[in-house]
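Participant: Based on these hints, arrange chain B on the given structure of chain A.
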Amino acid sequence: ETAVFQTPNYHVTQVGNEVSFNCKQTLGHDTMYWYKQDSKKLLKIMFSYNNKQLIVNETVPRRFSPQSSDKAHLNLRIKSVEPEDSAVYLCASRGQGQDTQYFGPGTRLLVL
Amino acid sequence: GQQVQQSPASLVLQEGENAELQCNFSSTATQLQWFYQSPGGSLVSLLSNPSGTKHTGRLTSTTVTKERRSSLHISSSQTTDSGTYLCAPDTNAYKVIFGKGTHLHVLP
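Those protein sequences? They're chains A and B, same order as listed. Each residue of the first sequence is one higher than the one before, starting from 363 at the first, in this note's numbering. Each residue of the second sequence is one higher than the one before, starting from 867 at the first, in this note's numbering.
Hints are all accurate, no fakes.
Here are a few chain A residues that face chain B, going by a calculated C-beta distance under 8 Å:
#1 THR393
#2 LYS403
#3 LEU405
#4 ILE407
#5 ASN412
#6 THR462
#7 PHE465
#8 GLY468
Pairs of lysine-lysine residues, derived as DSS-like cross-links and limited to a Cα-Cα distance of at most 25 Å, are as follows:
#9 A/LYS403 with B/LYS966
#10 A/LYS441 with A/LYS403
#11 B/LYS961 with A/LYS402
#12 B/LYS961 with A/LYS406
#13 A/LYS406 with B/LYS966
#14 A/LYS386 with A/LYS406
#15 B/LYS966 with A/LYS398
#16 A/LYS433 with B/LYS961
Bear in mind the hints are in silico, worked out from the structure with no lab data behind them. From the three backbone atoms N, C-alpha and C, an ideal C-beta is built for every residue, glycine too.
With the rest of the complex left out, here is chain A (with noise of 0.2 Å):
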């Protein structure tokens, strides 16, 4: 039963473009994270986020915003994208004390 929700599904935009990417999980966790998978399929962490606030940011390019408006919401921003953004975007959550990261089915962005 899928509990982390993400949209789009897919995005294709063009090199200079704005896009935004939503997150939702109903399982009341305090964390959330934003990973990237790149084409090779490597799974690297971008942002953590517990309770609205900002943990973790990776040494992602600045034109990548996180925003979040209450702990179960955690957005993506970027601005300008470039080819190198394409990549398979995955959101995750945690609870407090929990072992285990739930996954959302991922965007997918295709940057031409």
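Facilitator: Chain B in isolation, oriented as in the chain A frame:
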């Protein structure tokens, strides 16, 4: 930072054979998760095992914390086990580092 090495990179088995997947990591981990990613891309947690041995169904994970290694044993493999198995040690709850994965293909 945390480095994660998984081996083998890929593995082909006949249905019914067992698989042994290895994960080595460079820094002490407070938690270690094994994930399965289907060919369609969805990612699910299989096991959380920071130390010792843990079983679920046909899966057995053994983590030796001091040696910074973990293994995942899949017994009696099935074609539906095909996919990518990812190891992910935590240095803390907010920064999970993933290995490159082992790509398993089980032939009928």
